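J.: Spelled out, the chains give:
2 protein chains.
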Amino acid sequence: MCIANSVCGNAFRGLAECEDEMALAENEAELYKIKLMAPVFDKRDKLIEKIPFFWNIALTQHSDFSNYVRASDFKYIEAIKKIVVKPLALEDEECTARDFQITIEFNEIKGDLKAQHVSKVFKIEKDVSKILIKKNRTAEDDELDADLGFLTSEPVNIDWPKSYDNINPELISDKSTPEGKKNYRTGMKTFFAWFKWTGLKPGKEFPNGDALANLFNEELYPYCVKYYTEAQRDVMDESDGDSEDDSDAPLDLDLEEVNDEEGSDSKHLNKKTKLQ
Amino acid sequence: MCIANSVCGNAFRGLAECEDEMALAENEAELYKIKLMAPVFDKRDKLIEKIPFFWNIALTQHSDFSNYVRASDFKYIEAIKKIVVKPLALEDEECTARDFQITIEFNEIKGDLKAQHVSKVFKIEKDVSKILIKKNRTAEDDELDADLGFLTSEPVNIDWPKSYDNINPELISDKSTPEGKKNYRTGMKTFFAWFKWTGLKPGKEFPNGDALANLFNEELYPYCVKYYTEAQRDVMDESDGDSEDDSDAPLDLDLEEVNDEEGSDSKHLNKKTKLQ
Numbered sequence: 001m002c003i004a005n006s007v008c009g010n011a012f013r014g015l016a017e018c019e020d021e022m023a024l025a026e027n028e029a030e031l032y033k034i035k036l037m038a039p040v041f042d043k044r045d046k047l048i049e050k051i052p053f054f055w056n057i058a059l060t061q062h063s064d065f066s067n068y069v070r071a072s073d074f075k076y077i078e079a080i081k082k083i084v085v086k087p088l089a090l091e092d093e094e095c096t097a098r099d100f101q102i103t104i105e106f107n108e109i110k111g112d113l114k115a116q117h118v119s120k121v122f123k124i125e126k127d128v129s130k131i132l133i134k135k136n137r138t139a140e141d142d143e144l145d146a147d148l149g150f151l152t153s154e155p156v157n158i159d160w161p162k163s164y165d166n167i168n169p170e171l172i173s174d175k176s177t178p179e180g181k182k183n184y185r186t187g188m189k190t191f192f193a194w195f196k197w198t199g200l201k202p203g204k205e206f207p208n209g210d211a212l213a214n215l216f217n218e219e220l221y222p223y224c225v226k227y228y229t230e231a232q233r234d235v236m237d238e239s240d241g242d243s244e245d246d247s248d249a250p251l252d253l254d255l256e257e258v259n260d261e262e263g264s265d266s267k268h269l270n271k272k273t274k275l276q
Numbered sequence: 001m002c003i004a005n006s007v008c009g010n011a012f013r014g015l016a017e018c019e020d021e022m023a024l025a026e027n028e029a030e031l032y033k034i035k036l037m038a039p040v041f042d043k044r045d046k047l048i049e050k051i052p053f054f055w056n057i058a059l060t061q062h063s064d065f066s067n068y069v070r071a072s073d074f075k076y077i078e079a080i081k082k083i084v085v086k087p088l089a090l091e092d093e094e095c096t097a098r099d100f101q102i103t104i105e106f107n108e109i110k111g112d113l114k115a116q117h118v119s120k121v122f123k124i125e126k127d128v129s130k131i132l133i134k135k136n137r138t139a140e141d142d143e144l145d146a147d148l149g150f151l152t153s154e155p156v157n158i159d160w161p162k163s164y165d166n167i168n169p170e171l172i173s174d175k176s177t178p179e180g181k182k183n184y185r186t187g188m189k190t191f192f193a194w195f196k197w198t199g200l201k202p203g204k205e206f207p208n209g210d211a212l213a214n215l216f217n218e219e220l221y222p223y224c225v226k227y228y229t230e231a232q233r234d235v236m237d238e239s240d241g242d243s244e245d246d247s248d249a250p251l252d253l254d255l256e257e258v259n260d261e262e263g264s265d266s267k268h269l270n271k272k273t274k275l276q
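Protein chains in written order, with this note's numbering: chain A, 1 to 276; chain B, 1 to 276.
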């Protein structure tokens, strides 16, 4: 069908060059966007700190988040005071637009959880030889990961809640007993185990740690105000008009009073967040 | 839970401002990307023209495309010589990064389809009062479309294939007869009816015309080389090693010969396209 194969051949070579140029242009555009958004995110982080339970409300509103943590973790999700996702390219020119750092700050839960903030760095890796556990990996997985890159992370320390002592992997004395195995496996599925996730030991660490990291980076952090506002709207819809129940609904109480006082603020907020 | 409601109130007002600033920053970043990509797309358009059946192969490879057109349309999809999607913001500063123009060029099919190229412009509209048919629309649909905007388009003329005379809406003399109704409805579902789609008459024009436009703008055009390459790989996998069948597989024939001649070009292409 080709008039001359060399014509097609040159065209294919040219298309491959275009794909390279497009990938570079996309990275440059992404870096431009990162620099443009950074000051707005900084401003937003400071405002969010003033709103009680903001992160608990925003995270629990997202339909996917609960699939990555255990039900018992939500007590500790409620203790999250601050979440910040920063593209590494802002400080390190060696990094691509796809590398980022997630910082999570926990309030103290007396006698159970220590007040702490933990930062975890996520970088795109293309060297599949670094993957330590090859079990269940096909040659196509390797080829794809080598081409597209895959997310990796250094393990970081976090103080686990006291209530998790029995499933805390570092406190399980004997992992060989059925009981020990069971507790170890359970512990590896908690939100706290995610901080040790590396991306190099599939099946032997927190499951889908990369997907949870991407969820924070691509949805939970950039659109947190949208999720918070949706939750606010839901609460208002539920308790429409019966203010004597407000005392049982702190979130609702706050917002109702804010609305009385601040007029159409929250409607305004609703509208804007839809733009996301 | 708020220390003082005015604190929360100010925080909410500040967050609403942040959402505005983020929307503006996102549009600016998108415009920057558009300008960065434009020369690469122009270069790519010229190369694609040299590859026979490129668009037929790329479009039919996409899993969704076939959901928007009728099986009988594929004869005419095969006649597509060129597809170009251009962001309107490149030429008109009044346009947002979300407005675009799709140009499709058809080869002649003797005695059936005229050689022609048709350009259709798609713009984001926020004035829901312009929607002429409100049936099956909820107040929430209106609120959402007014906030997020919805896609609209001016109808454009295209010469329909002779073989479609019986279902060509403009040639159906009496649409009131059962036969006329049936043919009219069938005609409105062909790819050719999409060119008259406005987005203002839901239920009375080509169905999901906006989704098809977005499919061209967001997937089929930017990643066409990826789809073409996937199709090429599939054909090669199927006919691995039996070259006597190549004569029945024009696509395969071209590429096999190109590969023999051009060495690792097509592998190179495969690799690059995965970066998309």
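Bear in mind the hints are in silico, worked out from the structure with no lab data behind them. Everything numeric in this text was worked out from a predicted model, so none of it was measured. Check the hints yourself; a few may be wrong.
Said to hold, decoys possible - Subject to a maximum C-alpha distance of 27 Å in a straight line, what follows is the list of computed BS3-like cross-link-like pairs (lysine-lysine):
#1 Lys-33/A <-> Lys-126/B
#2 Lys-33/A <-> Lys-130/B
#3 Lys-201/A <-> Lys-86/A
#4 Lys-201/B <-> Lys-86/A
#5 Lys-33/B <-> Lys-43/A
#6 Lys-123/A <-> Lys-33/B
#7 Lys-134/A <-> Lys-123/A
#8 Lys-162/B <-> Lys-126/B
#9 Lys-114/B <-> Lys-126/B
#10 Lys-126/A <-> Lys-134/B
#11 Lys-35/A <-> Lys-50/B
#12 Lys-134/A <-> Lys-175/A
#13 Lys-175/B <-> Lys-33/A
#14 Lys-33/A <-> Lys-75/B
#15 Lys-201/A <-> Lys-123/A
#16 Lys-201/B <-> Lys-130/B
#17 Lys-35/B <-> Lys-33/A
#18 Lys-162/B <-> Lys-123/B
#19 Lys-114/A <-> Lys-162/A
#20 Lys-134/A <-> Lys-189/A
#21 Lys-134/B <-> Lys-201/B
#22 Lys-35/A <-> Lys-35/B
Stated by the list, open to error - For each label pair, taking beta carbons as the anchor points, the in silico distance ranges come out as:
#23 Pro-178/A <-> Glu-140/B: 47 to 55 Å
#24 Leu-148/B <-> Thr-60/A: 19 to 27 Å
#25 Glu-30/B <-> Leu-148/A: 19 to 27 Å
#26 Pro-178/A <-> Glu-143/B: 51 to 59 Å
#27 Lys-114/A <-> Glu-238/B: 41 to 49 Å
#28 Ile-109/B <-> Thr-60/A: 55 to 63 Å
Cβ coordinates follow ideal geometry from the N, Cα and C atoms, glycine included.
J.: Let me make sure I understand: some of the numbered hints might not hold for this structure. Which ones are they, in numerical order?
T.: 2, 4, 8, 9, 10, 11, 13, 14, 18 and 27
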